[in-house]
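Chain order of the listed sequences is W, P, Z and F. Going by my numbering, the first residue of the first sequence is number 1, and it counts up by one from there. Going by my numbering, the first residue of the second sequence is number 165, and it counts up by one from there. Going by my numbering, the first residue of the third sequence is number 250, and it counts up by one from there. Going by my numbering, the first residue of the fourth sequence is number 817, and it counts up by one from there.
Since the hints were derived computationally from the structure, they do not count as laboratory data. There may be inaccurate statements among the hints.
[To be verified] Below 27 Å or equal to it, Euclidean Cα-Cα: the simulated BS3-like pairs (lysine-lysine) are:
(1) Z:K657 <-> Z:K769
(2) Z:K572 <-> P:K233
(3) F:K1250 <-> Z:K769
(4) F:K1190 <-> F:K1250
(5) F:K1266 <-> Z:K777
(6) W:K12 <-> W:K58
(7) W:K58 <-> W:K145
(8) F:K1266 <-> F:K1250
(9) Z:K581 <-> Z:K700
What follows is each chain in one-letter form.
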Amino acid sequence: MQDDIVIRVVAKVMIPAVMLFALYVQFHGDYGPGGGFQAGVIFASAFVLNAVVFGLNKGRHVWPARYNLMGICGGVLLYGFTGVAGMVLGKNFLNFNVLSSDPVAGQHLGILLVEFGVGLTVAAVMVMLFFTFAGRTAHLRLLSKSDAHERKVSASKTAKKVKK
Amino acid sequence: MAKSKNPKSKLTPALGLRLLAAVAGLLVLAEILVHRHAYFALEAMPLFFAGFGFLAFLAIILGSRLVAKLATRPVDYYDTPEGDA
Amino acid sequence: MLEMLLSIPGLLLIVGALLVPVLPHAPRQAYMLALIGVSGYLTFGIETGVHTTASLGGLDLILVRAEAMTKPFALVFHIAAALNVFYALHDPNKTTSAAGLAYAGAAIAALFAGDFLTLFLYWELTAITSVFLVLAGTSARTMNAAMRYLLMQVGSGVVLLAGAGLLWRDGTGLTIQAVDALTPAGLCLLLAFGIKAAFPLVNGWLQDAYPEASVTGTVMLSAFTTKLAIYMLALCFAGFTPLIYIGAVMAVLPVFFAAVENDLRRVLAYSLNNQLGFMVIGIGVGTQLALNGTVAHAFASTIYQGLLFMALGAVLHRTGTAKASQLGALAKSMPLTAIFCTVGALSIISFPLFSGFVTKSLTLGAVAKEGYFFVWLAMVFVTVGAVQHIFVKAVYLPFFGPAPKRVKAKEAPLGMLLAMGAAAALCLGIGVYPEPLYALLPYDARYEVWKAGYVLGELQLLFFAGLGFVFLSLRGVYPTAMDTTVLNTDYLFRRTLPRATMAIAGPVLRVWFVVLAALKRSVLQMLKISEQASRESGLVSGIASIGSAAGIFLAMFALMLILRQVM
Amino acid sequence: MMQHLPVLQVLLPLLAAPFAALLRGRDLAWGVAFITTGAAFLISIALFLEQRALGTTLVYEMGNWAAPIGIVYVIDAASALVLPVISGIGFVATLAARQLVAAEIDARDHALFYAAWLLTIAGMLGQVTTGDAFNIFVFLEISSLSAYALVAMGSGRDRRALPAAFNYLILGTVGATFYVIGLGLLYMLTGTLNLVDLAERLPQVEETRAAFTAMAFIALGLFLKMALFPLHFWLVPAYAHAPSAVTALMASTATKVSVYVLIRLIFGVFGVEFPGLADAVGLLVLTLGIAGAFVGTLAAIVETDLKKLFAQSSIAQLGYMAIGIGAMSATGLAAAFLHLFNHALMKGALFLAIGMIAAQAGRATMGTIQGAGKQIPITMTAILFGGLALIGVPLTAGFISKLYLIRALLEQDFWLLAGLTFLSSALALAYVWKIIEAAWLQPRPKGAPKLHETASQYIPAWIMVIATLGFGIYATPLVQAAFAAAHVFIPSVAGAN
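Bound conformation, chain W alone:
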């Protein structure tokens, strides 16, 4: 799959665009369709495409395994602490009005931060899921190779017998 030049060139062009679009969807959630979940998935699809096109190790290189856990936890903590910020500033948990002088601006800021947290977590989860399952194919292939080898060996043995 890696050596098909057309795919490689198109992928190279597409991946940055996909990421950019993901960010647009992320921050556009307030006014139109979008928001953390959708943006996260799109963001993750960029990495999946990369890994599919350029191979797992390159993919793993771009998005190392430890990013997964950090992404997930980071997202949740971001969401949580935006809420806690509301508490620190005197109001109840998840109260965004107090985040800036004007309550409406506060709401916007709050939503943006929270949605970004969600996006981060979802992206990390999706990439982790992909690599968990994709990683296994390598493992499976190894298995299949060893089966093929055995078949070859047994086939040669029967062939020898037939020759005798």
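Once you have looked at the hints, place chains P, Z and F on chain W.
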């Protein structure tokens, strides 16, 4: 008041016996001199108490014979466990 | 707390007894004597009437109440307690001295109880503390005897409680006063006191347990329980005529048993039984003179019976046996004990100049005055009996008679001698100068004892009884003591009762075992079924596949909807 | 700070979880878990005291949005009673988890384990505090999913943990889905998800078939999460093959939270007068409850693996809670709350003690504890006390809850049921005696490995035992709290408590 009397075989020393007879006689004599205020007719009878004392003693020994025959058991009777309460 | 301790008589001794085991030997005796002294002084000061009351859950209890009759009993109990301390000077056993003191305290406190509930408390306390005295006995049979003793004593307590309950239910209140014996409550109380006063058919425990107790234990036991019962009978059932005939039977029967019995301490237990018979006759007659007689007799009997028990206890302590068949010629080696024992014997056969004479004559006179001829005759007969089983059998033969085999014995220890001496002095003192005792008696009725005719009659009776003995032994007919077990009314509880219950229980038990076996089989069957059901693959709790679990789930859902329609 | 307690109760473990996940160091994750559960326990006690002092319900509006629109956290007498149980058990289990997890799960997964551990506790606490129906579902999912993960983590030592976890996952999700379907129906009928608001709007639509179906969905979903008799198949393998620490936590809290949610919805939202509730559901719950009690006890009698044995007995005990609910009366509810509280203590004690044995000996079966009475007396005595409490021996907490349960039944004249309850708890004596006999009366088999116990091993179990005995001997405050909780749902008729 010690009365040296050993039962069964030989008689008590003569002195002891004679002493006994003297006291008995004295008590019987005293009966005549003394007037006793009696509640019951029988009690008023002279020498009632003397006779009754003697006969009662014999009756008790007879009675004890009866009890000995009926109500005695070997010494370890209750020691043998027969649902001893 | 201290004020309460001092105001309730006897409580000082009970609480004080707790400290007894802690003290070493010598100071312990002094401490006990001091306690008895203080308690005696306090109780003696209490005038008649109600003193302290308390209320417990709506019931008002009279803790301290003195009757006319209470003072002599309290005094004699204190004297007995003191004598017991002296008597047990040689005995290192801490539990018996503590139990003995508590026992005396409980008995004294019971005297002053004003209502049946407080009485019940002390009644049980006397039972429990006295069991330790029996348990202190050394013979193999002690444990069983103690248990039988405890059963009877606690049984009496339970019956007392039942009586009190019935009284409370009838609304007659719990205060101790004359009770009509023919009501159910009255019967219960009569039985309760009767058990402890060794009425016929329930006297077995007295002859069974007392001789099994330790040397000092028996002496302590002989003083309190029975006299307390007599005191209660006198309070509640004075003048109840059937008591006269119960008393007569109680007096006469033991005479024959005592004649046959070989263990001299058991002989004394029988004689204690017939002394109680005398007192019960006095209560039955119920006149002031009779009651005076009973109280006086109880007073004197506690002392001379105690003395006799002490003397034979000393003999047992020194020679190791109290069997008439093994004792003889002890006077030479135990002269003082012999003398004190003789004084006791002379008192019990009411020989003039001794305490028995001045006290029993009151009862005798009262009975004669009321014209109960046969009862009077029985009482005289019993006096002759006393001559036989006490004077001859328990005193003359062991101390002065021939010794079947060489019995080596030393004189009793000092403590015992002191106690016996004091008791003997008391017997003689009361006999010679009875006025202080008469002053203590509840009523003023008097009976002129020192009339020549009466004294002569008494002397003739005793002397010719003695002659009877001489006559029989001369003819060689006088029975020698054999070592046998004499059956007594406790036979009823130890053989007849168990055999009867087994007769009834036997078939019932057999049926029960059959039922039980069937039950067991069915339970095992059920368990086996449930085991199959619960095994791994079993229907009920095996790891069912998800499909079946979901199936059940949906079935439940459907069931709920159907239920909704149906209901 | 005080007014934020209701949200902190849930927020603390929720936010601590990601932290714990990130901490790879030795015991760091456990440290976070320990501090968080400790704080949560203190908070729940503070909430309990504050609620009792005020007497009314504490309401905490998320983001200051008012009730029907905004999500509110409600602390009333009922939740104030259940919160300390969950956080208390969580704290003590975390205390014991250090030893148990170190023995049963390899070091690499510790951080993730404690993350899931904190999440499941946060989920349970959330279910109890939240006042919004859908929010309950969210927390239900949070606690269940992390529970599935925790159970699956047992596979390191016992491969059968995987199928058990998978079973648990599927059935748990089926239950949760039924719950959310029911919720959807309710939302369609009433247009609101706030519990109080729902309760007010429901009477108008009570008669419709949809309302009853919604109630049926919700009730059934929770029956499964609560492991009521026929729907209990997931529980025994899940508890038996999960890591010992997880069994200790789950057995004492997971099903109890579902019981609380069931009470909160059935009595709080639908109310006792809801048509068809008393007779249809009530009757069903009673029969399933008593059936569960017998099945659980009989299965426990024949069981040899200790974890399975006490898991079976959990089904029986849950049967008793169901009976309490089925009685549909204030005393019945109070009995259910009492048993919810006491059972958590008893099971906590038992599984913590058994966990210690399993950690040492691999599997805690009748064989491993044969003659162990002399080698590890203190741990075995903890199990003994737990067993006695299960039977309902006086002076233990078990007795108090059985007492009020039977009283509730007698008040409703369910004479047969009271008898059966009594019989089944007496039957429990069989499996407790089986353990006592194995531990003390039989000699230790020759080759058996030597068991040993250290203070840090048996202290958590003994904390629970002391709590069981404490609440058994001096039970009045607990009983009053239980009745206060019951009266939140069934207002007390004057006189009848």
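Now for the hints, and whether the structure bears them out:
{"no.": "1", "hint": "Z:K657 <-> Z:K769", "result": "violated (66 Å)"}
{"no.": "2", "hint": "Z:K572 <-> P:K233", "result": "holds (20 Å)"}
{"no.": "3", "hint": "F:K1250 <-> Z:K769", "result": "holds (17 Å)"}
{"no.": "4", "hint": "F:K1190 <-> F:K1250", "result": "holds (16 Å)"}
{"no.": "5", "hint": "F:K1266 <-> Z:K777", "result": "violated (33 Å)"}
{"no.": "6", "hint": "W:K12 <-> W:K58", "result": "holds (13 Å)"}
{"no.": "7", "hint": "W:K58 <-> W:K145", "result": "holds (22 Å)"}
{"no.": "8", "hint": "F:K1266 <-> F:K1250", "result": "holds (21 Å)"}
{"no.": "9", "hint": "Z:K581 <-> Z:K700", "result": "violated (38 Å)"}
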